[in-house]
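In case you want the letters, here they are:
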Amino acid sequence: MAVEVRVPAILQSAVGGQKVVKVEGKTLGEILDRLDQQFPGVKKLLLDENGEIRRHINIYLNDEDVRFLQRLDTPIRDGDVLSILPALAGGRGHAQR
Amino acid sequence: MPVYVYIGTPLRRFTGNQARVQVEARDVAEALDRLAAQFPELKAELFDETGQLRRYVNVYVNNQEIEDLAGPNTAVRDGDEIAVVPALAGGAPPRTLTPEQVIRYSRHMIMPEIGGTGQRKLLGSSVLVIGAGGLGSPAILYLAAAGVGRIGVVDFDVVDLSNLQRQIIHHTDDIGRPKVESARDTVRRINPDVEVVPYNTALTSANALEIIKDYEVVVNGCDNFPTRYLVNDACVFLKKPLVDASVFKFDAQVTVFMPGHGCYRCLYPAPPPPGAVPNCAEAGVFGVVTGLVGAIQATEAIKLILGLGEPLVGRLLLIDTLAMDFRTVKLRRNPNCPVCGDNPTITELIDYEAFCGVPVLAQS
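Protein chains in written order, with this note's numbering: chain A, -6 to 90; chain B, 14 to 377.
If we strip away everything but chain B, and leave its shape as in the complex, we get (with noise of 0.2 angstroms):
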């Protein structure tokens, strides 16, 4: 069976800088031994003396730890990919908690569905927030509270006071500054595991490739159409899930855009001619709806990160809370759509700005 090996950059002095190694093997055991035998300088820093996989070296089939499948006695097939991977601060999830988050996370780690694996891949995870308002405020504060071990925040606003009806990553005296600073600051106050890496400018063609490719899941709280229609064409080119919502008044719509099955496009091929449809500031919005809404996407992140129970995909989550009426309609990828569909005829970012009649300024 020839499976591939991903050689994590600080192991790629001891292959000849290779990234992928084609080796033959039936368990990861039997491949580590292998790539070994092949690189015998890779030998040393993967295995201890007792001939044990060190502790810091962690290993992955198809984006898996082998700790939650079968450690390595997994068995691999023909094209699977083994990525091994040593720990480094801010990238491999920790191999042990420290006393102080056994008791901050306790009340997950009881939970079989998430336990210390989970958790400790929730610590080793990443999540790009686009937009730190109303939806990006309730979901950045959930995801830090929950222990995403990085969180990236895309906004290139300052915190309005008529922000703060919504807004709740932001306070009073933060008014007049930047808010991916405002939201930094906050999230350190409520976890100190988090690292917030901010992005104080706005996504545009130019950089979302480079920012997105970073993380593993992104949340869209943003309030544009172009930002929207360039979020989704980045998220299908990079092939990253993506947790979209937005929000008029007091109705909401949610959905996740796994890669194949479906995208934004698929759901709205074309937005509205500029100015047929108001926005938040011309139409209002009920606050708590983007708290709902947003709580509702950081939930979805991370079950995606942990694996857990069934993903938004495929389905439009409909919300009235006027009515309090939640329903899902279904949802289908288009196999004509430009970007994702069998034919795609957009394979790189456009203007998106021109595609959507108005410009791309506004973030969250």
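Bound conformation, chain A alone (with noise of 0.2 angstroms):
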């Protein structure tokens, strides 16, 4: 099963410059799995110590936030759109002094 991975400007560096990839997996975590295979260390930057989703994380399967589904262990069909979503602070952009 081929998705979508789709990588907000904020995570980009970490997965080569792009803004979508394409992830063979059967399961939200086997999709991570096989992203970090291909760009080491972005999985620590998603999940937490205990493999949980990090609290400024959301990852959405289409438009439905996965802690609603089966997080991790939720299943992916061909098609499916992923998009993971930080949390954002900007508005002006100023510095925090």
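Don't take each hint at face value.
What follows is a set of in silico ranges between Cβ atoms, one per label pair, in the way DEER data are often shown [claimed, not checked]:
hint, chain 1, residue 1, chain 2, residue 2, range
1, B, G297, A, P68, 32 to 40 angstroms
2, A, R27, B, N75, 50 to 58 angstroms
3, A, D29, B, E295, 23 to 31 angstroms
4, A, Q5, B, E223, 37 to 45 angstroms
5, A, K19, B, D81, 48 to 56 angstroms
In silico EDC-like links for lysine to aspartate or glutamate, alpha-carbon gap of 16 angstroms or less [unchecked claim]:
hint, chain 1, residue 1, chain 2, residue 2
6, A, K15, A, E(-3)
7, B, K252, B, E361
8, B, K252, B, E229
9, B, K343, A, E42
10, A, K15, A, D26
11, A, K12, B, D338
12, A, K12, B, D333
13, B, K343, A, D26
Please keep in mind that the hints were generated in silico from the structure rather than gathered at the bench. A virtual CB, placed ideally from N, CA and C, is assigned to each residue, including glycine.
Now that you have both chains on their own, put them together as the hints suggest.
If you want it as structure tokens, here you go:
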């Protein structure tokens, strides 16, 4: 099952500057494992020490938050779109002093 | 049917200083009659010699002006709240528009969705904008042009040359001036109907409730996590709708948090660790994105005031301006949310610097 993983600007440097990465896998967990094989370290940005999705990161399967599905066990179908969405601070763009 | 009548402050001397009076009534007219019977001095304040409701007295049922409902015949149910508020400068909507206002707002008023009633409602409305920066600038400009009668602006900062690439409410000769003053002066030149209330201060746990309580809708254009959580929590506690947005480089996220339908903590329970996410000064921001998003925030604020259309509630709008792709994803209230969940554990404002591990300084 090949799915599109949409990577936000803030995380693109972790996947070689790409905006969309095609990854194979049957569940979200599998897809993140494969993604980490391609781009070592990316999983650590998304999951905490306990393997849970970090609290400032949301992952959507199509338009639904995977926390309301089966989290990392959420099954993925061909043609699905996964979107990673981190909390953003910005409005104006002023340095935090 | 017992209903409550909220008595506007100037009228309380006729009700023995009671702010809420309970009466039995089936409609507004009956409720006001009972009220007048109970407080004879109040009767002359509410009704003229012919028994008509005086023009400067505005009556609301559950925060909706009865003119937009069925007038005095508006039915009331058990537990409804009727508010009786005399028109004051800067308070309730004006009863009539000046000939100049009719022309100024003609493109609004010609639309049946807004009309004269909607325009008067806008003129009597109030919006608080947190930050007169990238998002706040266009939001304030459009709210002012639309005739939102009172716009509060919170920002502690002064205009910097590096702001002008996107903060279009400020001009080159404003550099070094407090942003709230610059914003107020620009609004004056656009629309003298609008009162800007400047708060030249950082929003903090000590002042947030006091400032936010006086506004109907809050537009968030802050640029840091502590303020974002502070504004969220304060809006949950005060039951204020919050039009929230954030921008990063070419991307943006926008949503409306309505009381009872989830909050920022349902979306992001905790901020990223300090330093994990670069801010705009470090990463840059495509100036025009803030214009687009600030205009969307103004759109949502005006829709909320007028009760128009479908607000961006329960949906998070994701914008990628490089692809020019707009998508929405679902956003749900988290029943375990520490602030707006079924059993909240945070019931007052906390130390947001400690919560986020960074100082709460930058506002917009």
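For each hint, the structure was consulted:
1. B:G297 with A:P68: 32 to 40 angstroms: Check passed, 38 angstroms falls within 32 to 40 angstroms.
2. A:R27 with B:N75: 50 to 58 angstroms: holds, 54 angstroms
3. A:D29 with B:E295: 23 to 31 angstroms: Holds - the Cβ-Cβ distance for A:D29 and B:E295, about 26 angstroms, lies within 23 to 31 angstroms.
4. A:Q5 with B:E223: 37 to 45 angstroms: With Cβ atoms ~42 angstroms apart, the hint holds.
5. A:K19 with B:D81: 48 to 56 angstroms: holds, 54 angstroms
6. A:K15 with A:E(-3): holds, 5 angstroms
7. B:K252 with B:E361: At roughly 13 angstroms apart (the allowed maximum being 16 angstroms), B:E361 and B:K252 satisfy the hint.
8. B:K252 with B:E229: Between B:K252 and B:E229 the Cα gap is close to 10 angstroms, so the pair holds against 16 angstroms.
9. B:K343 with A:E42: It is violated: about 27 angstroms lies between the C-alpha atoms, which goes past 16 angstroms.
10. A:K15 with A:D26: holds, 13 angstroms
11. A:K12 with B:D338: holds, 13 angstroms
12. A:K12 with B:D333: Distance of about 11 angstroms is within 16 angstroms: holds.
13. B:K343 with A:D26: violated, 25 angstroms
The structure fails to meet hints 9, 13 from the earlier list, while all remaining hints are met.
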